[in-house]
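From just these sequences and the hints, can you work out the full model?
In order, the protein sequence lines correspond to chains A and B. FYI, the numbering for the first sequence is 1 to 129, going by the numbering used here. FYI, the numbering for the second sequence is 130 to 268, going by the numbering used here.
FYI, nobody ran anything at the bench for these hints, they're computed from the structure. C-beta: ideal position from N, C-alpha, C; glycine also. Check before you lean on any hint, since a few could be wrong.
[As the list claims (entries may be wrong)] Covered by chain B, per the in silico footprint, the following chain A stretches (three or more residues, Cβ under 8 Å): (1) 19-27; (2) 31-42; (3) 69-79.
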Amino acid sequence: MDPAAEGTVYPPVTFVVEPERVAAFRAVFGQAEGVPPTFLTVPEFTTFPQVLEDPRLDLDFSRVLHGSEEYEYLRPLREGETITVHARIDAIRRKGGSAFMTVVMEMADADGATVALARSTLIERGEGA
Amino acid sequence: MTFFDGLVVGTELPTLARIVTREDVKAYADAGGDQNPLHQDDEVARAAGFDGIIAHGMFTMGHMAACVVGWAGADAHVQRISATFRSPVSMGETLVAGGRVRSLDPQERSARVETWVTVDRDGRAEFPVKRGEAVVRFP
Chain A
1 MDPAAEGTVY PPVTFVVEPE RVAAFRAVFG QAEGVPPTFL TVPEFTTFPQ
51 VLEDPRLDLD FSRVLHGSEE YEYLRPLREG ETITVHARID AIRRKGGSAF
101 MTVVMEMADA DGATVALARS TLIERGEGA
Chain B
130 MTFFDGLVVG TELPTLARIV TREDVKAYAD AGGDQNPLHQ DDEVARAAGF
180 DGIIAHGMFT MGHMAACVVG WAGADAHVQR ISATFRSPVS MGETLVAGGR
230 VRSLDPQERS ARVETWVTVD RDGRAEFPVK RGEAVVRFP
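Structure representation (structure tokens):
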């Protein structure tokens, strides 16, 4: 994980909040209606490949763990709407042989207004960590 | 369903328990889009130093969110939710999610809730999520 990749901004990705995907997500967690609070992981995982496959990061996926996650909604997500996901690497830190990367994704609606923010920390464990 | 006017600091959320199964973790991988083999292939998981596959952190967090939504009701809006993943969760373990109201904002009609997820390991409670947080706005 090259610390120089900190601050990298990736091309925006379009994501449709398809009702079927929301329903499948609800079913896993037994929620009867609405968009589950952690559904933002779906647009995140649609956007992650271009970040995780960035050759400068040179990630060994067998050593990558999810450290933490934070979602913030400026308004509820609506089923059927199209959002645009803007991803950037907010920080890369090394600690005790492991590397910590914080990726921030800003989700904007059709009017360009921010709907939600996702902040995840990924840990690449060092050898023997 | 919870009414904002009935809340006080210290109000506890009803706990929510679920046994983690391979089937549910696979269903989560399909619904969430995270197909990392660490959560589906025991050999891959063992090579990474685990006893077998582990649940996605987002499986545990999704369960934590279900505890909050089940308590708050469908008309409430979860404005913020966060978790730090402290301990991998294995198949067959029982996740128990809980929470407690830490502060109330009458102007916003919102509650800040401290949340957690525990598993029992040999009679000892461990915390896959210890200091999670949710901010819930009520109608």
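Hint-by-hint comparison with the structure:
| no. | hint | in the structure |
| --- | --- | --- |
| 1 | 19-27 | holds (count 4) |
| 2 | 31-42 | holds (count 9) |
| 3 | 69-79 | holds (count 6) |
Of the numbered hints listed earlier, not one is contradicted by the structure.
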